[in-house]
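Those protein sequences? They're chains L, B, Y and U, same order as listed. Going by this note's numbering, the first residue of the first sequence is number 72, and it counts up by one from there. Going by this note's numbering, the first residue of the second sequence is number 72, and it counts up by one from there. Going by this note's numbering, the first residue of the third sequence is number 72, and it counts up by one from there. Going by this note's numbering, the first residue of the fourth sequence is number 72, and it counts up by one from there.
Don't read these hints as lab results, they were simulated from the structure. One or more hints might be untrue.
Which copy is meant is left open, so a pair is good if it fits within one copy or across any two.
No farther apart than 30 Å at their CA atoms in a straight line, the calculated lysine-lysine pairs in the DSS-like style are these [stated by the list, open to error]:
id	residue 1	residue 2
1	259	382
2	145	81
3	145	382
4	382	81
5	145	266
6	264	382
Protein chains: 4
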Amino acid sequence: MGNIWGTRLKAAIFGESHGAAIGVTLSGLPPGFEIDMDAVRREMARRAPGGSPLATARGESDDVEILSGLFEGKTAGTPLCAVIRNRDARPGDYGRYVVRPGHADLPVYRKYGGYADYRGGGHSSGRLTAPLVFAGAVAKQMLRGVSIGARIYRLGGISDADAEPERVVEASALEFPVVDADAARRMKDAILKAKAGRDSVGGVIECAALGVPAGWGDPFFNSIESAVSGMMFSIPAVKGIEFGDGFALADMTGLAANDQMRAEDGVIHFMSNHNGGINGGISNGQPLVFRVAVRPTPTVGAEQSTVDLSKMETVTASFGGRHDPCVVPRAVPVVEAGLALCLLDFFLGGWKK
Amino acid sequence: MGNIWGTRLKAAIFGESHGAAIGVTLSGLPPGFEIDMDAVRREMARRAPGGSPLATARGESDDVEILSGLFEGKTAGTPLCAVIRNRDARPGDYGRYVVRPGHADLPVYRKYGGYADYRGGGHSSGRLTAPLVFAGAVAKQMLRGVSIGARIYRLGGISDADAEPERVVEASALEFPVVDADAARRMKDAILKAKAGRDSVGGVIECAALGVPAGWGDPFFNSIESAVSGMMFSIPAVKGIEFGDGFALADMTGLAANDQMRAEDGVIHFMSNHNGGINGGISNGQPLVFRVAVRPTPTVGAEQSTVDLSKMETVTASFGGRHDPCVVPRAVPVVEAGLALCLLDFFLGGWKK
Amino acid sequence: MGNIWGTRLKAAIFGESHGAAIGVTLSGLPPGFEIDMDAVRREMARRAPGGSPLATARGESDDVEILSGLFEGKTAGTPLCAVIRNRDARPGDYGRYVVRPGHADLPVYRKYGGYADYRGGGHSSGRLTAPLVFAGAVAKQMLRGVSIGARIYRLGGISDADAEPERVVEASALEFPVVDADAARRMKDAILKAKAGRDSVGGVIECAALGVPAGWGDPFFNSIESAVSGMMFSIPAVKGIEFGDGFALADMTGLAANDQMRAEDGVIHFMSNHNGGINGGISNGQPLVFRVAVRPTPTVGAEQSTVDLSKMETVTASFGGRHDPCVVPRAVPVVEAGLALCLLDFFLGGWKK
Amino acid sequence: MGNIWGTRLKAAIFGESHGAAIGVTLSGLPPGFEIDMDAVRREMARRAPGGSPLATARGESDDVEILSGLFEGKTAGTPLCAVIRNRDARPGDYGRYVVRPGHADLPVYRKYGGYADYRGGGHSSGRLTAPLVFAGAVAKQMLRGVSIGARIYRLGGISDADAEPERVVEASALEFPVVDADAARRMKDAILKAKAGRDSVGGVIECAALGVPAGWGDPFFNSIESAVSGMMFSIPAVKGIEFGDGFALADMTGLAANDQMRAEDGVIHFMSNHNGGINGGISNGQPLVFRVAVRPTPTVGAEQSTVDLSKMETVTASFGGRHDPCVVPRAVPVVEAGLALCLLDFFLGGWKK
């Protein structure tokens, strides 16, 4: 039952990549909030393949139909169900028993005894991030005073320039969200090169939130890091996360890792942000900053050794289908959406609102 | 309400560092399981300071009193509550308003409006990991066929040797769990040097689980990575986590990152384990492998700039107290315990047991 | 967030009476179960108005579209989302500010600040029981060895004959589920008379489950009675519930109220079933028996005093719309469905399966 | 896992009747609330046997030790754990295999495979209501503006006089909470007579809450009736519940059952309260009123037929032990406590606070 998320705000997702539809039911949304559907569509478009040569050829417009919970353009306070029909499904592209390396095919087969929809990863497909982006787009709008943005921090071995959180949030508005234009160009080349070579590349996404007040998050199991990491690892292909300086903190001394403070006119100023705006799992008033590692798309054109489960035999197979040579750009709005959901849940649920 | 964890197995922790006691109530434990209390005590001792010059001088024996749920030495199937009294509390060591940089002091003050117990971090203290180790010790015993172990992968900038998961699990039995004896010696020196310099050091812990069958974990919000990361970020000082090759995967190509397979006598063999035994959030039958980054202890003897909240003035303060110059060694059994809890929850809850 | 139910089996409902659609997402269903869709449709038809003069004139066929979680006719193990379009909505029948006595109109208006869909009760409508019946129909099929049935125990002041649980389950198959044919006739007359008088009548439904083994249910907050009552009070118009002899037990002595036992050939036989098959919240192996009180439909044609919220003035109003003169017959399959969901949750979740 | 309750406010109970201790961990309590421990003790004393000839001879003072979450007399915002030691346990009074009719002995044995503590009902004992009363006492204090009270509505076949909710709340302060002094006398006689005859009696408790604003409760699974009934059926011996006129509503017509309204100076007045202050699961601003049926104590001195599970043989046994000839008086504060917890959860969690 990994499909239901949240404590006060809840999201229940459903759907398979090549089934009838995918969607989400959101509950706990406060009533009376006017949803800007154009802004929602813009977020959906950021994730949708959109005909870019950098992305899959699957042509899904990801139109959202809202079945409930919205009345006269405003949230009703009741469960909001949004459905996205699968329009360009090609279930025939997929074989049932020859499991694709790097994908969930084998574990899913084992878990569900072979009854799960195997076509294009079924329920485990990255396509299920579309309802997340919808939900996150709504959450973003509701988080007044909080700005969320993400950028490609690294892709195919190429790093973007260092950037302050404010700059990261700004960059998220770019069509290809990278601070350094030259790095952006080289990253795109890396994607096209991987595509040409029937291979794929991965990367790292950096996400920031500005305007989060001190006091959000709970100690221990609902720390900001626990909640956000739990959400991020729900995004297919994410294999690592670090907050603030993250793994680099492990090599620092305590004195260097601490963010010292001073008071000025009744306001606390931090002299650094090594801890990504979070101490003891709770926001300290600084910008939240974290990075997630995205593995390269497992579907590659090269021949691989794998197993045909129907015969339990080794086979060599090449997997075509329509796939992204790199999911990092399309994952950027998903990461933002995931953070928005977590923050709205904290906003709605904490002592400190 | 970050104190309650789990889906089928649940743990509800409580306590403050310098209050009367800390503890945990476990529910969902299957009945009729004989708990080896000696093994539990050994795990508790691994985390307890124990008079080592590498650790805090606080002398807590961490004796566990079981108040319920254990009948005639076996689990009763009913909630098991375990309490650990705080015996060597020295609440006077802590000031109320001068917040310690790097600690949760400021966010906790903001969150709870100054009503939370501030002494030694109160509820946010690393001391709360003692009940987690107790719970994990019970979980470990119940996970028949699964072996869990962790080692110090890096400490104070010094790396341990690379090691297979089997070797990691073995190393966890060492008093100072490091594979390479020379690296171990240098790490200890780094801790003592940091202590002498009134500073602290951090590190990285690598954890592995052998014997996890394919099919544990759920897609999306209850993926193994989601569950384990949520648990790990509940451990104070953890700031990053990566599964399998983690952040290094971001720089690999899809073909290199995939774990190819072959079948042999009806058994599937993987030719690598770049993904840490998990695909699409579900175990694939390989060893689970992940690493967590542990920041250096924030309490350091050097003078730091911070704020006195009672006057909202900048002050320069040095924080004494009894603290660990490096929490990494004591965090090793905590990481193992956290994984054991997650895996038992999956074992008890999934289709695939 | 009252729209998500369950512990191991979860149901997330959504929808408004005169919105686009209503539906449910079920998660935690075991994979590989072939759903008999004809049986599902039969259950849906039992609840649907169906043109009976005893029911509302609203013509909803309640066709279910399954969007996910069903693959090749069998449960996939992934979330199963079912949607029912509202086809015969007549939102114009309802006024916004003149709240209907006995309905949720006033509390909903207060709760959601006037933003909830008010038309026909919106999300609070009895129409939302259609997805519950769908979910229950699936659950019933999965509960092999357990038979669930309900009958009208009392309606408009007329009582059905006493009946053993087996007889109750049998009667549930009747078009008008009453044991005593004469009582059935008089009950129907009572409904038609109420309809003619522009009034409505209520009643009591008795529900039984055969084949539940001893050991289902948990002590305290997830007792069978807690779970079942929580579900039953989710059904609009239910205002009371009693298990076994229920309120009559309050007047008995302990000796009379106890169900004594004897052993025969290794099997325990009870000499009575005053406690409805449940002791201490856990099933004892006897048939489960409970009754729910259903208040008369609040929508009546007679003039009533109420308030126009837009002006905060007293008004006298008569509420037409299309409504049931008695919801008891249509509530029978809803009660059964609710019990089926609770029992499947226990079956999937308990030690004792 | 029936031991954890709540959505925003959570209670995790533990303990066995003749084990070391019983207790509860409350999480989600707002910080900074000064708990009146004298008021808590008064509530505990209402439930404690206290040497009355009407109650068990077990001498438990039910002293509460608070282990965490209370700092300088005020709630800290962190988990509050309260422990009550069992001081007058007499485990030797109970046999292991001869199950007591009317008790949970048999189902518990089946559920936990014989591993649960059988002594005095173990975890399923009414003794576990002591932590509930503690929790409820705290909740009552936090519910400013809301008054909760209950009285014995019926006992041993003797009814108390009808009374308005205000009168019910007043009566709850009485040592024997009955409105009509003559009825009180006869009820006490009924208890003493049952005790003399080695039998027991049951009854009905009526509970009311004044001051609950309109808008608490959620549609469907978290309706006020769902939440309150789920809590009430957690109290051992409760077998029925009805809200407002409850089962009597089933015999009324819609017009008679509706609570009509009028507006006066901007305030809505109801002309009756047949629905117990709740419509569609949500409070309407009127007093909440409900009644619970309490079965007679199952432990009676008379000989009963039952089964010795060790031999699967029928035996005739008489069960001594120390028990209450009637638990109704002691259950009154438990019912109030349960309602207080439910209402505080709604207060903390709803849109409408």
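Right, here's what the structure says about each hint:
no. : hint      : verdict
1   : 259 x 382 : neither (41 Å within a copy, 53 Å between copies)
2   : 145 x 81  : both (18 Å within a copy, 27 Å between copies)
3   : 145 x 382 : between (55 Å within a copy, 23 Å between copies)
4   : 382 x 81  : neither (42 Å within a copy, 36 Å between copies)
5   : 145 x 266 : neither (43 Å within a copy, 37 Å between copies)
6   : 264 x 382 : neither (36 Å within a copy, 60 Å between copies)
Violation of the numbered hints given earlier is confined to hints 1, 4, 5 and 6; the remaining hints are satisfied by the structure.
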